[in-house]
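Engineer: Listed below, chain by chain, are the residues.
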Amino acid sequence: MGALKEYIIPRICTYVLVVFIGITICFFIPRFTPVDPVLAIINRLTESGQYYDPDALSQLIDSMKELYGLKGSLLDQYIAFLRRAFLGDFGPSLANFPTPAVSIMNRALPWTISLLFVSTIVAWLVGNLIGGIAGYFSERNWAKGLGAFATVVYPTPYYIMALLLIMSLSYAIPIFPSYGAISIGINPSLSLEFILNYAYHAFLPALSLIIVGYGWWFLSMRSIVIHTKSEEYVQFGEMTGLPRRKLLLRYVIRNSLLPQVTGVSVALASIFSGAMITEVVFSYPGIGYILYQAVINGDFNLMMAVVTYSIIATATATLILDLIYPLIDPRIKYK
Amino acid sequence: MVVITNLKRYARFLWNFLRFSPNITVGIVICLVILVMGFGISLFAPYDPRRWGSTPRNLPPSSDYLLGTTSIGQDVFWFLTYAIRNSMLLGVVGSAIGLVIGTVLGLIAGYKGGIIEKFILLITDTIIVVPTLPILILVSTMIKKQLDMVMLGTIIALLTWGLPVRNVRSMILSLREREFSHVASFSGFKMLNIITSEYTPHVLPWISASFISRINMAIGMEVTLSIFGLSSLQEATLGTMIYWALNYQALLKGLWWWILTPVVTIIFSVLGLFILSVGISEFLNPRIRLHRIMIGEKK
Numbered sequence: 001m002g003a004l005k006e007y008i009i010p011r012i013c014t015y016v017l018v019v020f021i022g023i024t025i026c027f028f029i030p031r032f033t034p035v036d037p038v039l040a041i042i043n044r045l046t047e048s049g050q051y052y053d054p055d056a057l058s059q060l061i062d063s064m065k066e067l068y069g070l071k072g073s074l075l076d077q078y079i080a081f082l083r084r085a086f087l088g089d090f091g092p093s094l095a096n097f098p099t100p101a102v103s104i105m106n107r108a109l110p111w112t113i114s115l116l117f118v119s120t121i122v123a124w125l126v127g128n129l130i131g132g133i134a135g136y137f138s139e140r141n142w143a144k145g146l147g148a149f150a151t152v153v154y155p156t157p158y159y160i161m162a163l164l165l166i167m168s169l170s171y172a173i174p175i176f177p178s179y180g181a182i183s184i185g186i187n188p189s190l191s192l193e194f195i196l197n198y199a200y201h202a203f204l205p206a207l208s209l210i211i212v213g214y215g216w217w218f219l220s221m222r223s224i225v226i227h228t229k230s231e232e233y234v235q236f237g238e239m240t241g242l243p244r245r246k247l248l249l250r251y252v253i254r255n256s257l258l259p260q261v262t263g264v265s266v267a268l269a270s271i272f273s274g275a276m277i278t279e280v281v282f283s284y285p286g287i288g289y290i291l292y293q294a295v296i297n298g299d300f301n302l303m304m305a306v307v308t309y310s311i312i313a314t315a316t317a318t319l320i321l322d323l324i325y326p327l328i329d330p331r332i333k334y335k
Numbered sequence: 001m002v003v004i005t006n007l008k009r010y011a012r013f014l015w016n017f018l019r020f021s022p023n024i025t026v027g028i029v030i031c032l033v034i035l036v037m038g039f040g041i042s043l044f045a046p047y048d049p050r051r052w053g054s055t056p057r058n059l060p061p062s063s064d065y066l067l068g069t070t071s072i073g074q075d076v077f078w079f080l081t082y083a084i085r086n087s088m089l090l091g092v093v094g095s096a097i098g099l100v101i102g103t104v105l106g107l108i109a110g111y112k113g114g115i116i117e118k119f120i121l122l123i124t125d126t127i128i129v130v131p132t133l134p135i136l137i138l139v140s141t142m143i144k145k146q147l148d149m150v151m152l153g154t155i156i157a158l159l160t161w162g163l164p165v166r167n168v169r170s171m172i173l174s175l176r177e178r179e180f181s182h183v184a185s186f187s188g189f190k191m192l193n194i195i196t197s198e199y200t201p202h203v204l205p206w207i208s209a210s211f212i213s214r215i216n217m218a219i220g221m222e223v224t225l226s227i228f229g230l231s232s233l234q235e236a237t238l239g240t241m242i243y244w245a246l247n248y249q250a251l252l253k254g255l256w257w258w259i260l261t262p263v264v265t266i267i268f269s270v271l272g273l274f275i276l277s278v279g280i281s282e283f284l285n286p287r288i289r290l291h292r293i294m295i296g297e298k299k
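As you go down the protein sequences, you meet chains S and Y in turn.
Residue numbers for the first sequence follow our numbering, so the first one is 1 and each next one is one higher.
Residue numbers for the second sequence follow our numbering, so the first one is 1 and each next one is one higher.
Isolated chain S, as found in the complex (with noise of 0.2 Å):
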C-alpha cells in the first residue's frame, strides 16, 4: 500500500501536470506566429478579384475570429481553448471550414496507426531478436555482416532513405505506387480487394520505416547484449552448464530488454508525430500530412487537436512504462 501513495498517486498527478503544461505551450507558441488564419482567409476572398465593402469586411472579420476562437485577449482565447478541449470539442478546421477538427483527425487516425503501429513493432521485434542473437554470438562472421549493414542503415537519415526506396523501386524500376494509400475508387471495407490494395500501397512507406527501425533496435539490443554477456551471473550460468538457448533467452536477452522497452513504449506514442515526414514523403492521408498541412495553412484548431492528442498519447505511454518498471527490472525500487 506504501506504493500506491508514496509513487503511484504523485506519479498520476505528474502526468496530469505534463500533459496541461505541454498543451499550454503548444497553445501558445503557435499564437506569436506571425501566421493569421482569418487574414489568410480574407485574402483569400480579396484577391478573386470582387469587391468588399470594408465595413462588411470587418465585420466578417470579427465574425470568423469569434467562430475560430482567436477572439479576445490571449488569456480569454486560452480558457475558452481549454474548456472546449476538456470536452473533445476543438472548433472547426480552418482550412476545411466548417468540418470539425476532430473530424477530419479521426478519419486520418486509422491510416496512420495501422501504418506505424504494425511496423512499428514489426521492427522493434525482428530487430530485437536478430540484435540479441547476433549480439550473444558477435565473433561469428555473420553476426559481423548483418552489423555492418544495421550500421549503414542506422544513422541514415530517414528521409534519405525514403527517397532512396523510391528513388530505386518506384522510379528506376516502377514496381510499388510512390503515393497514396488506396488506389482511386476504392472504398475502404473488409474486402480481399481492399486489403491487398492497402497492403500494395502501404509496403514502401512501412518498408522505410522498418529498415531504419530495425537498424536502431539491431545496434541497440547487440550492444546491450555484448555488456550484458561479460556481467558475473552470465559467466557463472556459462560455467554451471546451463543450456545455451535458456542462457541466451533468460539470462541475457531478458535482462537486456529494460532499455528496449524503454524505447519501444516511446516509439509507439510518437506515432502521431513521428508519421509526419513518412506521410508527407509519401502523402500518405494520416494523421502527420494533416498535421503538417495545418501547420503551414496556420489551421489552429487542426494543429491542437492533433497535438493534443500526440501529447496525452506519450504522456500515457510515459506513465504505464514508469509503473510497470519495477517489474521489470527489480533492481530498481519504488522510491
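Don't read these hints as lab results, they were simulated from the structure.
We put the beta carbon where it would ideally sit given N, CA and C, even for glycine.
Keep in mind that the hints are not guaranteed to be accurate.
Said to hold, decoys possible - Pairwise CB distance ranges (calculated):
#, chain 1, residue 1, chain 2, residue 2, range
1, Y, L35, S, N43, 41 to 51 Å
2, Y, G229, S, L129, 34 to 44 Å
3, S, Y200, Y, L246, 19 to 29 Å
4, S, G88, Y, M151, 34 to 44 Å
With chain S held as given, fit chain Y onto it using these hints.
Structural biologist: The following block gives chain Y in isolation, referenced to the frame of chain S:
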C-alpha cells in the same frame, strides 16, 4: 623534459586510440575528410559558391568543375564545401547544447532525488511529450528570414534535451543500487566525488557516443526541414542542396551529380560519425579494453 615525456605519453595514447579498432580508424578518416572539406578547402573557394549564375549551367563533372554545375549556375563542389561546413556547425551546436542540459539535469535528478528530481522530471517529461517536428516547423516558419545555423541548432537543442535526462537518470538509478555505490557512500565519499570518480566511467561512453549520434540527429532534422522548404534556403547546407536539386527536377532531367552529391555526402558523413561513436564507446568501455589487452598479450 617533463613536457616532452608528457607529450610522448599523449602521443602514445593518441596512437593507441587510433589503432584501437577499425571503427575508430575508418571513422576518424571519414571525419577528417569531412572536416577538411568543410573547414579547410571551403576557405579557398574562388568566389562565393552560393551566388547564382557564377558558372555555366547543367555541366556534368569535368576537370574544370569537379562535381559538375547546377541548373542555377553553381559549382557543385564548392557549394558542397560550404554545405558541409554549415551542416557540421549546426550539428555540433544542436548536439552539444542539448546534451549538456540533459546530462547535468539527469545527474542531478538521479542522485539528489526528492523534490528536485520531481521538478526536473516534470519539466523533462513535458519537453519529451511536446512533439518536436511540428513545433520545429512552426518556429522555422516564424523566423525563417533570420534563421542561421547556430540559431537553428539552438532551437533543435532546446526541443530535444529531454531524452538524455531520462537516460542519464535511469543509469544513475541503476548504478545507485549497485554495491560499489553503497561502499563508496559508506566510506564517506561526497556526492560529487561519487559522481565524478565512480559514475563517470559508466556514463562517459554513453555521453560521447550520444554526442556524436545527436550531431547526426541534428543534421537529419535540418535535412527534413529543408525538404519542407523551411530551412534557411539561401544558405548552403546539405539539406538545402537536396531541396534545390529536387526543386529544379534534377532527378527527371538526369542531373545525377547534383542530387547524388548531397545524398552520398550525408550517408558518408553520418556513417563516419556513427562508427566513430561506436568506436569511442568501445574504447572507453573498460571491460572491452581489458579483453583486448588480454587477447593482445596471448598473441
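Engineer: A separate judgement is required for each hint: does it hold in the structure or not?
Structural biologist: Here is what the structure says about each hint:
no.: 1; hint: Y:L35 to S:N43: 41 to 51 Å; result: 47 Å, holds
no.: 2; hint: Y:G229 to S:L129: 34 to 44 Å; result: 40 Å, holds
no.: 3; hint: S:Y200 to Y:L246: 19 to 29 Å; result: 25 Å, holds
no.: 4; hint: S:G88 to Y:M151: 34 to 44 Å; result: 37 Å, holds
When each numbered hint is compared with the structure, no violation occurs for any of them.
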